[in-house]
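Student: Sequence:
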Amino acid sequence: MKYLSRAFYIFAFLILSGSSISQTPHLVLAQTPAATPQPVEIKINPQAFDPFVGQYVDARDPEFVFSFFREGDKFYGQATDQDKFEIFPASENSFFLKVFSAQVDFIRDAGGKVVSIIWRQSGREFPAKKTSDQPAKDTRVQFTRTEAKIRMRDGVHLYTVILAPQDQTAPLPFMINRSPYGVKGWSSGRLNGSRKELVQDGYIFVFQDIRGKFDSEGQFVMVRPPRDRRDDKSVDESTDTYDTIDWLVKNVPKNNGRAGIMGVSYDGWLATMALLEPHPALRASSPQAPVADFWMGDDLFHHGAFRQSYGHEWVKSLEGSKGGEM
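For what it's worth, the working numbering labels the leading residue of the sequence shown as 2, then goes sequentially.
The set of hints was computed from the structure by calculation and includes no laboratory data. Misleading hints may appear alongside valid ones.
With a cut-off of at most 30 Å between alpha-carbon atoms, the simulated DSSO-like pairs for lysine-lysine come out as follows [stated by the list, open to error]:
1) 323 - 234
2) 114 - 85
3) 197 - 255
4) 197 - 44
5) 150 - 75
6) 99 - 75
7) 130 - 44
8) 99 - 85
9) 138 - 323
10) 138 - 150
Pairwise CB distance ranges (calculated) [what the hints assert, rightly or not]:
11) 49 - 135: 15 to 21 Å
12) 323 - 124: 32 to 38 Å
13) 276 - 39: 47 to 53 Å
14) 71 - 111: 23 to 29 Å
15) 71 - 307: 54 to 60 Å
16) 290 - 43: 46 to 52 Å
What you are looking at is a predicted structure, and each value in this text was computed from that prediction instead of being measured. The C-beta atom is built at its ideal place from N, Cα and C for all residues, glycine as well.
Using the sequences and the accompanying hints, generate a full structural model.
Tutor: This is the structure we're talking about:
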């Protein structure tokens, strides 16, 4: 188990996804004991923060590093592969976050030297030892984020997030992820944190709300059946993927005319459907744990036994509203 990273993840998700905090509070509240009053911010001499600057590591998870640093009169923390977050002084040695209920206490030894921190979140404490007086360098790839409403052949527009490397020097392929679960939260920070290896390989990343979900137009049909090809006006997930790729290769700068698509679970099924009528630019599909046989091997039925609670909850979350609330 990655102690710090797993504990920090909920906070990081709120920051990196760009989501409003109201989107996830039930997850946080379920893990947090009785609410505690937010600390009161005090003013300190900015230079008083300088002894805290540096890297802090938990021996149980040495790959996960907290860095703290100062920019003028503002104080920041940053965790491995995540965006920086501002912290505010509650006392000379204690700082807190305003975007989420968390606190960091800097610990000094008998001689007054800063030697460690205690990160407090969700009623738990996570100690980390100071290992350097310099914050870790941010080696993440920075992406330029753009949004598009891509027109399908029947006039419906699908909301799409495009993330292209800022320092891109050569044409790159697309890596596409289509989803019914909402893609607005994808950002440079979230991408670096969750798809580090793919980021290093070099792609233009594309995330899309499928037809009828979140910010996309049209009607949502759960696991939409393949279209009747005798009807020239018919559409399905394959045609939507085709039209999306066609628009991307014609409109996004510095692409090399190639695309891959990937996804897990429902998103994996969407990656499979892209193969029915593939665009010539589609060179690879990676369906991971996709929807396959609801009756025998998937989540809703186990060898014919219907999972009532999960089945109703999941279907309702998808079909009950455009945004997918439970």
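Student: Decide if the proposed pair is consistent with the structure: residue 323 and residue 234, CA atoms, cutoff 30 Å inclusive.
Tutor: 24 Å, holds
Student: Taking only the CA atoms, is the gap from residue 138 to residue 323 under or equal to 30 Å?
Tutor: Given pair residue 138, residue 323 is violated - Cα atoms ~41 Å apart, limit 30 Å.
Student: Per the hint of 47 to 53 Å, is the separation of the Cβ atoms of residue 276 and residue 39 within bounds?
Tutor: At roughly 51 Å between Cβ atoms, residue 39 and residue 276 fall inside 47 to 53 Å, so the hint holds.
Student: Would you check the hint for residue 197 and residue 255, treating anything up to 30 Å between C-alpha atoms as holding?
Tutor: Given that 30 Å is the threshold and the Cα spacing comes to 21 Å, the pair holds.
Student: Mind checking the alpha carbons of residue 99 and residue 85 for me, to see if they're no more than 30 Å apart?
Tutor: 13 Å, holds
Student: Hint check: residue 99 vs residue 75, CA-CA at most 30 Å. Holds or violated?
Tutor: Distance ~13 Å between residue 99 and residue 75 Cα, so the pair holds.
Student: Has the given pair, residue 130 with residue 44, been kept, meaning a C-alpha gap of at most 30 Å?
Tutor: Given that 30 Å is the threshold and the Cα spacing comes to 26 Å, the pair holds.
Student: Does the Cβ distance between residue 71 and residue 307 fall inside 54 to 60 Å?
Tutor: For residue 71 and residue 307 the Cβ distance comes to about 57 Å; the hint holds.
Student: Take the C-alpha atoms of residue 150 and residue 75, compute the straight-line distance between them, and say whether it is at most 30 Å.
Tutor: Outside the cut-off at roughly 38 Å; violated.
Student: Measuring from beta carbon to beta carbon, are residue 323 and residue 124 in 32 to 38 Å?
Tutor: Check passed, 35 Å falls within 32 to 38 Å.
Student: Taking the beta carbons of residue 290 and residue 43, is their distance inside 46 to 52 Å?
Tutor: Because 50 Å falls inside the window, the suggested range holds.
Student: Look at the Cβ atoms of residue 49 and residue 135 and judge whether their distance stays inside 15 to 21 Å.
Tutor: 18 Å, holds
When each numbered hint is compared with the structure, violations occur for hints 4, 5, 9 and 10.
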